[in-house]
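Here is what each chain is made of, one letter per residue.
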Amino acid sequence: MTALPEKTDRKLGLVIDLDTCVGCHACVISCKGWNTENYGAPLSDLDAYGADPEGTFLNRIHSFEVTPPDAPPMVVHFPKSCLHCEDAPCVTVCPTGASYKRAEDGIVLVNEDACIGCGLCAWACPYGAREMDGAEKVMKKCTLCVDRIYNESLPEVDREPVCVRTCPAGARHFGDLGDPDSDVSQLVAARGGVDLMPEQGTKPVNKYLPPRPRDRLSATPPPLTQSADTPQASGFLGWLDRALERL
Amino acid sequence: MHPAPSLILFTVLSGLGFGLLVWLGLGLRAPTGVAAFVLFGLGYGLAGAGLLASAFHLGHPERALLAFTQWRTSWLSREAVLACAALLVMAPHAAGAVFFATPLPVFGWLGAVLALATIFATAMIYTQIRAVPRWHHWSTPPVFLFAGLAGGALLAGSPRLSLVLMLALGAAMATHWLMGDGRFAQAGSTMGSATQLGGPGQVRLLEPPHTGRNYLLREMVHVVGRKHAHKLRLIALGLGAVLPAALLLLPAGHVVIGLALIAHVTGIAAQRWLFFAEAEHVVGLYYGQR
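As you go down the protein sequences, you meet chains A and B in turn.
Mapping of the first sequence onto the working numbering: position 15 corresponds to residue 15, and the numbering continues sequentially without gaps.
Mapping of the second sequence onto the working numbering: position 147 corresponds to residue 147, and the numbering continues sequentially without gaps.
Don't read these hints as lab results, they were simulated from the structure.
The model shown is predicted, which means the values in this text are computed figures rather than measured ones.
All C-beta atoms, glycine included, are put in the ideal place defined by N, C-alpha and C.
Pairwise CB distance ranges, derived in the manner of DEER restraints:
no.: 1; chain 1: B; residue 1: Q202; chain 2: A; residue 2: D9; range: 36 to 44 Å
no.: 2; chain 1: A; residue 1: D181; chain 2: B; residue 2: A55; range: 48 to 56 Å
no.: 3; chain 1: A; residue 1: P69; chain 2: B; residue 2: D181; range: 28 to 36 Å
no.: 4; chain 1: A; residue 1: Y39; chain 2: B; residue 2: C84; range: 32 to 40 Å
no.: 5; chain 1: B; residue 1: G188; chain 2: A; residue 2: P155; range: 42 to 50 Å
no.: 6; chain 1: B; residue 1: C84; chain 2: A; residue 2: V157; range: 50 to 58 Å
no.: 7; chain 1: B; residue 1: E62; chain 2: A; residue 2: P69; range: 50 to 58 Å
Below, a sample of chain B positions facing chain A; criterion: calculated Cβ distance under 10 Å:
no.: 8; residue: H60
no.: 9; residue: A80
no.: 10; residue: G212
no.: 11; residue: M220
no.: 12; residue: G284
Here are some chain B residues pointing at chain A (derived, C-beta under 7 Å):
no.: 13; residue: S193
no.: 14; residue: A194
no.: 15; residue: Q196
For reference, chain B alone in the conformation it holds in the complex:
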């Protein structure tokens, strides 16, 4: 699949923002005044920036409000509804903490649940797609959830919790890769099943339907960069989870947390790029590719 920068930016930033809001809502840190302004501002800013980045991906952003209507069937619509609900419900809690030094935990808890559900809905947009076997698996949502929660705990300034979550994130990423490698074969789609010509013999593409590129090839048959998959996995695992975890073993301070954050965000960006670039869509079979 095509690793669109807007989608990578969206999933990384909004995951981090909603992850932070989960912990602020649960009262892991209960800052007031300026500290609360900075932390809640960061949470709202990252979540909002992510949503804005995702709007750049749309062909007709002016109709984006319609995306709130189909929550009964569509995970994309659910994500939009949950994201706005989380930001709205959390608002009294955040405003109470910033301006009146009195957080409102009920709104915080409810907002935290909605923020976590938002990250889950983001993951489900990809997990639901059966035509991309690597994504269509239970190992996909844990990667998004642990990335958001681990990064959020780091931003909230909770090194202990973040350390544990970073290790869980590393395990989730490794599981997703290892199980993902066999998914295309398990799905059972081949050129033979795609054309139903496999019975009589071996099938190969003789002539593609068009000489140039098209939307399908650009979006779904992205083969560039797959050759570096192994190196990128090591970078994603190392920078995204292992190095931050190692740094968090050191005595906590702003420098350590800052370095861990930079490594984590870089690693997760690499992981997201690979998440799209490595995923093979079954439509490639009609083009003799994967």
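Just chain A, same shape as in the assembly:
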């Protein structure tokens, strides 16, 4: 049944640090790679070498410019994937039971064998986290790398979502956001982590850490240490300077 679980034992999710993300798209590529080779239908590309290439991605990076009223604009790179909402509207609209939220860890998944490709779950998601695969015609979404995090054939260091494992800046963190003592929960508390579009009532599990305030230039620039006049050369260079001046 596509009813949401009353409560989940754990709330596995991501914490994304907007202060640290450099916008390199490495998580996008590693996500596409892992999820094309493993769980479910591969993430297809259509017209990859043609005039109108497009593809299915579970994680995409938007770049925003934020202009404070009294300071220069700053660029914020903004990774976006499924937020594994507690009150996930995509799950309850599913007519076939293909979409579900796991009671044990809160991960929202799609059983692709039961998906009829109606697209209603993608309409219900305010975040654009679900994309219908153009070739397979089933709904694809972030699985929180469910085939890595419990996978005992992988070295322990690799048992986290591939986007987190790949991020060269350390801007992505994975853990149990239902446990107030977990590293990720403490990080969220320390940095004032926020929900995206809280007015939509989805209660997302993933949290975003806002950019720290940037350094501000003071109103008057510090005085230059050297005089603005050209320094006088001495010795040979001084003679050369004077000789050339006379020509």
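Given the coordinates of chain A, work out where chain B should sit on it, guided by the hints.
Coordinates of chain B only, in the frame set by chain A:
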């Protein structure tokens, strides 16, 4: 939202078909023999054609039977269950009228209630979606219900009833448009709330995540045609409700009802196209669009 032809065809045709079945089930007209065959055939044909059109929208129609399983939570599943239940329950009533000249009103009434519930469920598929503020409002279901009932009454050949329902439909459409225009602002979703970067300052999209199009933009950030929204509203209101109502004031006859029907269906098709094209999904905010 993307105005898919299959969805427009589905909502217009099945709305009309189930609307007709509501009136036939309630015994507004109690035809027998060939007349019953034609009317019930029209009702079943339109409802069935609509359901078939909706199946074309699916990526995997071969798994469509699974859509009957999640009626406890999903309006789409409820609609599938109610549609089939309405057609099945109405069948003895229809067969009785066509072949034995004895309609079975109990099945008719029950079928009529189920047919009306089917139209309501269709409307709720859209109304439930909070991420599309224009749809997520009480003014959406009346448009679907009155469109089905007014068109159904017209097909059933009841000009008086249809006239009243056409006027109600016009009022429902106007209400939906006027209240819908402020819905996005009321929902409170902005680029600031979507990114949570609105606190420090003004947010604008600097670089989209991809250079080409994608599924999200195609399905949910449909901006083409919105500029003609005002004209299309007039066409939908004029052809869908006002002109049929005016025609029905004339002495009733097959020609008048036929003309009213053509105008009504054209107008409702325009209304449905606009219903999708005009609806803005909040995901557009991540792309700096609406």
